[in-house]
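Asker: Sequence:
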Amino acid sequence: MGNYHVRFGKGATRQKGRVALVHSYMVPDSDLEIGQTRLLEVDNPIVLPENTHVRFIVTSTDVLHDFAIPAAGIKIDATPGRLNQSSFFSEREGELFGQCSELCGTYHGFMPIQVEVGSVEDYLS
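Using this note's numbering, the first residue of the sequence shown is number 1, and each one after it goes up by one.
Calculated from the structure, these hints are not laboratory results. Every residue gets a Cβ at the ideal spot worked out from N, C-alpha and C, and that includes glycine. Treat the hints loosely; a few may be bogus.
Distance ranges between label pairs, derived from CB positions [stated by the list, open to error]:
| # | residue 1 | residue 2 | range |
| --- | --- | --- | --- |
| 1 | Pro70 | Asp29 | 20 to 26 Å |
| 2 | Arg38 | Leu83 | 28 to 34 Å |
| 3 | Ile34 | Val120 | 27 to 33 Å |
Please model the complete structure; the sequences and the hints are all you need to start from.
Answerer: Okay, structure coming up:
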């Protein structure tokens, strides 16, 4: 499976192949639809297949961040100039939410992480 690089910056690009660069932004309150979660919903979630081992490789380019998805038991420091990694395995489909859990600056509360876990067939199509 591929590696995902999630940035909290401007401009969305994706690369095909094993490595994907994903820009992800919080959905503004004015754009939320019924059933979406305020301050946690993103415009471009990380999509992963179920029953597959995935490795998150995390780093930062500016200040300390903390990539945290509590429901998955993931909390990784993102340190400038360093790579940290964590394994992830989901046995069922669903949505997982998290956010930066480090006091990293003015917009600290506005850096959500959304992971959608689906079937392998849907992931490959």
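Asker: State for each hint whether it applies.
Answerer: A quick look at each hint next to the structure:
1. Pro70 x Asp29: 20 to 26 Å: Given range 20 to 26 Å: holds, Cβ gap about 23 Å.
2. Arg38 x Leu83: 28 to 34 Å: Given about 32 Å between the Cβ atoms, the range holds.
3. Ile34 x Val120: 27 to 33 Å: Given about 30 Å between the Cβ atoms, the range holds.
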